[in-house]
Amino acid sequence: MASKTRSSDGCWTCRLRRKKCDEVRPLCNACRDLEIDCLYGDEKPGWMDGAEKQKEKADWLKLDVKRKATHRRERRYLQGLELGLESLDVSQADDSDPSNVMVHVTPAASSVSSSHSPASRHPQDSTPESGGHHASISGLSCLSTPTPAPSTPEESPNPLKPAAADGPGVRFNEREMNMIVLYLDYVFPFLFPFYRPMLLDSGRGWLLILFARNKALLHTALSLATYFFNVVLNTATGSHDDCKIHNWAELQKQQDLALKELQGEMRNINVRGVKGYLAETNHVMASIIQLLTFEVAIANTGNWVMHLDAATELFAQIMKEHGTAPSENGGGVCFTLLLIQLGARPYQHTPMYHPWSAGQASLRFFTAFLLLFDTLASTALEQPPRLQQWHYHLLSEPDDETRKMLPDDEKEYKLPHIDLKEFVGLHNWVVISIGEIAALDAWKKEMKKNGSLSMTQLVARATTIEASLRAHMVELEMPARPDPNANMNPLALYISHTSQNGLISSFMMEATGSINHVWAQAGLTYLSVVVSGWQPACPEIRSSVVLSLQMFTALPSPGCLRTLVWPFTITGCMAAPDEEQTFRDLVAAMGPLQAFGTIPNALAIMEFVWAHRKEIEENADQWDIAACFNSLGSAALLV
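Using full-length UniProt numbering, the first residue of the sequence shown is number 1, and each one after it goes up by one.
It cannot be assumed that every hint is accurate.
[As the list claims (entries may be wrong)] The calculated lysine-lysine pairs, modelled on DSS-like cross-linking and capped at a C-alpha distance of 30 Å, are:
#: 1; residue 1: Lys19; residue 2: Lys55
#: 2; residue 1: Lys260; residue 2: Lys320
#: 3; residue 1: Lys614; residue 2: Lys44
#: 4; residue 1: Lys20; residue 2: Lys55
#: 5; residue 1: Lys404; residue 2: Lys320
#: 6; residue 1: Lys614; residue 2: Lys449
#: 7; residue 1: Lys19; residue 2: Lys445
#: 8; residue 1: Lys55; residue 2: Lys68
#: 9; residue 1: Lys614; residue 2: Lys66
#: 10; residue 1: Lys53; residue 2: Lys19
#: 11; residue 1: Lys19; residue 2: Lys62
#: 12; residue 1: Lys421; residue 2: Lys448
#: 13; residue 1: Lys320; residue 2: Lys215
#: 14; residue 1: Lys215; residue 2: Lys260
#: 15; residue 1: Lys68; residue 2: Lys20
#: 16; residue 1: Lys66; residue 2: Lys449
#: 17; residue 1: Lys53; residue 2: Lys320
#: 18; residue 1: Lys614; residue 2: Lys19
#: 19; residue 1: Lys448; residue 2: Lys44
#: 20; residue 1: Lys55; residue 2: Lys445
#: 21; residue 1: Lys614; residue 2: Lys448
#: 22; residue 1: Lys215; residue 2: Lys253
#: 23; residue 1: Lys421; residue 2: Lys404
#: 24; residue 1: Lys445; residue 2: Lys53
#: 25; residue 1: Lys19; residue 2: Lys448
#: 26; residue 1: Lys421; residue 2: Lys62
#: 27; residue 1: Lys260; residue 2: Lys244
#: 28; residue 1: Lys449; residue 2: Lys62
#: 29; residue 1: Lys614; residue 2: Lys68
#: 30; residue 1: Lys68; residue 2: Lys53
#: 31; residue 1: Lys62; residue 2: Lys445
#: 32; residue 1: Lys448; residue 2: Lys62
[Said to hold, decoys possible] What follows is a set of in silico ranges between Cβ atoms, one per label pair, in the way DEER data are often shown:
#: 33; residue 1: Leu27; residue 2: Ser532; range: 23 to 33 Å
#: 34; residue 1: Pro326; residue 2: Lys260; range: 36 to 46 Å
#: 35; residue 1: Ala588; residue 2: Asp621; range: 32 to 42 Å
FYI, nobody ran anything at the bench for these hints, they're computed from the structure.
What you are looking at is a predicted structure, and each value in this text was computed from that prediction instead of being measured.
Note that CB positions come from ideal geometry on N, CA and C, so glycine has one too.
Make the full structure from the sequences, and use the hints.
Rendered as structure tokens:
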């Protein structure tokens with residue numbers, strides 16, 4: 001059969017790609033399938049000159065086709081994963097099974113009537129994803145809700161199997177004990193420099209308890225410790241070839257064990273459901289987020305989307321099945337319920353200066369990092385944060401009237417439920433604002449795709465976000481309020497104010513107040529690109545980049561850059577050519593430990609953008625921050 005003759009009436013895109021065009025208008029099938037621009041017209045485009053411009057456009061188009069193909073693969077993967085995770089729904093748990101019935105206790109005498117509960121408030125112009133939950137900020141309705149008592153071995157949801165918190169312990173060999181101590185002493189503070197729990201919160205002791213109960217979490221921690229040791233070993237003097245080979249083999253072994261344990265835990269959840277198994281599900285979520293942390297630490301770009309998707313879906317199921325008040329109390333979400341159910345006997349509620357239980361500490365810690373990961377991922381995945389519907393409930397500060405109504409001697413009612421400063425050094429409003437900008441970006445692209453974009457509405461929403469950001473930035477300049485718990489850490493005077501061995505002093509970062517300024521300023525840059533498009537020379541963008549760069553060069557220690565990867569990348573991508581070397585120098589100043597984490601990815605993204613300035617400028621309408629974060633062939637999680 002004779003091949004079809006290439007028509008001279010095909011779209012210019014197919015002609016440039018030297019592909020057959022079916023001439024379907026206004027969008028040929030080839031361009032539609034590849035999700036690229038389809039251009040028809042009698043006049044030849046300016047870039048179709050048979051010379052340099054045509055070559056540059058062809059090279060650009062190849063990159064765009066590759067980038068869109070990666071997006072399609074990820075979308076298909078996520079759709080398949082979502083279908084699988086739907087099996088976590090409560091339909092798998094038999095409500096008639098007595099073992100699934102929660103035990104309730106009489107509410108505390110300090111409870112107040114739910115009639116005082118403030119009206120539920122949602123972020124302005126919320127996306128469809130943010131609806132469907134009555135997420136009051138404080139969960140005051142929980143105060144009048146019969147609350148489940150913390151589990152004991154006798155009250156385990158499944159009478160044939162002890163609760164996870166009371167399961168058989170894990171035995172460690174000598175090498176594992178050494179690596180666990182290495183993880184606790186060096187790796188954990190390196191990865192989470194701002195997490196410095198008070199002495200009366202029992203420090204990081206809850207981690208050791210989890211390692212004894214949760215094999216997946218243990219093996220992931222051992223993987224991180226082994227990888228960290230290898231990075232340091234590569235910088236040591238002398239020959240360590242045998243040691244390196246042994247450590248890499250150990251790293252592979254621990255990775256395989258972690259995945260094997262996690263797969264087994266996921267199978268158990270898929271069989272029994274989430275309802276009635278809060279402690280076990282909490283452990284699985286922690287394992288997934290720890291594995292996600294490992295992927296980020298070793299800059300493995302292939303699997304983080306899968307792990308993040310699984311963690312967010314599991315968190316949603318936990319909130320639905322264990323963190324929702326009964327319908328007679330409004331049916332709103334209530335994080336307090338989760339904390340109470342994970343609490344330790346003999347307390348119904350945890351006294352203010354009593355340590356969190358291991359389950360409570362784990363839930364708070366991993367929820368904080370999940371909220372951050374989900375929000376930053378949304379800026380690369382071009383979608384609203386999946387957990388945005390809970391941002392207001394978990395992260396918002398209560399007003400003075402609400403605060404007066406809450407018990408002041410029970411930790412479960414301390415608000416906000418998650419204070420990100422405690423975990424990642426960021427004010428909650430920073431993460432909330434970035435999530436709102438990502439949601440606005442996704443909304444803009446959806447409206448533009450449908451041909452219904454209102455610039456008036458876009459600017460109005462952006463103005464609201466910008467005003468909030470700038471108001472908070474002004475507050476950063478004000479003297480900080482004294483911390484009522486500051487005197488609860490007797491060792492505070494002995495905390496080093498300097499950075500040693502790559503570890504960052506949280507005191508030093510908080511004293512400068514620089515970290516939140518940097519994030520907020522980068523948020524303004526991101527917002528300007530969403531509204532104005534890719535215009536690096538735009539006065540608003542230019543001034544924002546200059547301010548951010550000044551902050552980066554004024555950081556008290558090169559190691560601080562590890563906590564600023566996302567704002568560093570945004571600022572670098574929008575930088576002028578004569579500023580490029582400054583960004584390279586900032587990374588070089590970090591020394592050997594720059595290899596640990598996502599800093600190499602960040603610099604690679606910047607280098608790509610800098611090397612393709614001309615092509616990007618010629619196709620500015622197809623480029624933005626999300627395109628930068630996907631420029632290396634897959635979405636980047638820059639944490």
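Each hint tested on the structure:
A C-alpha spacing of about 16 Å is found between Lys19 and Lys55, which places the hinted pair at or below 30 Å, so the restraint holds. A hinted pair counts as satisfied when its Cα atoms are at most 30 Å apart, and Lys260 with Lys320 qualifies at roughly 27 Å. For the hint linking Lys614 to Lys44, the alpha-carbon distance of about 21 Å falls within 30 Å, and the restraint holds. Taking the CA atoms of Lys20 and Lys55, the gap is about 19 Å. The hint holds against a cut of 30 Å.
Of the pairs offered as hints, the one joining Lys404 and Lys320 holds, with about 28 Å between alpha carbons and a cut-off of 30 Å not exceeded. Taken as a hint, the Lys614 and Lys449 pair is honoured in the structure, with Cα atoms around 26 Å apart against an allowance of 30 Å. A threshold of 30 Å between alpha carbons decides the hint, and for Lys19 with Lys445 the separation of about 28 Å falls inside it, so the pair holds. Restraint check: the Cα-Cα separation between Lys55 and Lys68 comes to about 20 Å, which is no more than 30 Å; the hinted pair holds.
For the suggested pair Lys614 and Lys66, the alpha carbons sit about 19 Å apart, so the restraint of at most 30 Å is met. For a cut-off of 30 Å, the pair hint linking Lys53 to Lys19 stands: about 19 Å separates their Cα positions. About 13 Å separates the Cα atoms of Lys19 and Lys62, which keeps this hinted pair within 30 Å; it holds. The hinted pair formed by Lys421 and Lys448 fails the criterion: a straight-line CA distance of about 36 Å is larger than 30 Å.
In summary, the hint linking Lys320 to Lys215 is supported, as the alpha carbons are separated by about 26 Å, within the 30 Å threshold. Among the hinted pairs, Lys215 with Lys260 is consistent with the structure: their alpha-carbon atoms are about 10 Å apart, no more than 30 Å. For the hint linking Lys68 to Lys20, the alpha-carbon distance of about 20 Å falls within 30 Å, and the restraint holds. For a cut-off of 30 Å, the pair hint linking Lys66 to Lys449 stands: about 20 Å separates their Cα positions.
For the proposed pair Lys53 and Lys320, the alpha carbon gap of about 55 Å is over 30 Å, so the pair is violated. Among the hinted pairs, Lys614 with Lys19 is consistent with the structure: their alpha-carbon atoms are about 25 Å apart, no more than 30 Å. Using a Cα cut-off of 30 Å, the hinted pair Lys448 and Lys44 holds, with the two alpha carbons roughly 26 Å apart. At roughly 28 Å between alpha-carbon atoms, Lys55 and Lys445 fall within 30 Å of each other, so this suggested pair holds.
Of the pairs offered as hints, the one joining Lys614 and Lys448 holds, with about 25 Å between alpha carbons and a cut-off of 30 Å not exceeded. Of the supplied pair hints, the one linking Lys215 and Lys253 holds, its CA atoms being roughly 13 Å apart against a limit of 30 Å. Using a Cα cut-off of 30 Å, the hinted pair Lys421 and Lys404 holds, with the two alpha carbons roughly 23 Å apart. Proposed proximity of Lys445 and Lys53 is supported: the alpha carbons are some 28 Å apart, at most 30 Å.
Restraint check: the Cα-Cα separation between Lys19 and Lys448 comes to about 28 Å, which is no more than 30 Å; the hinted pair holds. Between the alpha carbons of Lys421 and Lys62 the distance comes to roughly 43 Å, so the proposed pair goes past 30 Å and is violated. Among the hinted pairs, Lys260 with Lys244 is consistent with the structure: their alpha-carbon atoms are about 24 Å apart, no more than 30 Å. Of the supplied pair hints, the one linking Lys449 and Lys62 holds, its CA atoms being roughly 22 Å apart against a limit of 30 Å.
Distance check on the hinted pair: Lys614 and Lys68 sit about 20 Å apart at the alpha-carbon level, within 30 Å; holds. Of the supplied pair hints, the one linking Lys68 and Lys53 holds, its CA atoms being roughly 22 Å apart against a limit of 30 Å. Restraint check for Lys62 and Lys445: the C-alpha separation of about 22 Å stays at or below 30 Å, so the hint holds. Between Lys448 and Lys62 the alpha-carbon distance is near 24 Å, which keeps this suggested pair within the 30 Å criterion.
Our hint of 23 to 33 Å for Leu27 and Ser532 holds, since their Cβ atoms are close to 27 Å apart. Taking 36 to 46 Å as the suggested C-beta distance range, the pair Pro326 and Lys260 conforms, at roughly 39 Å. At about 35 Å, the beta-carbon gap between Ala588 and Asp621 stays in the expected band of 32 to 42 Å.
Checked against the numbered hints above, the structure violates hints 12, 17 and 26; every other hint is satisfied.
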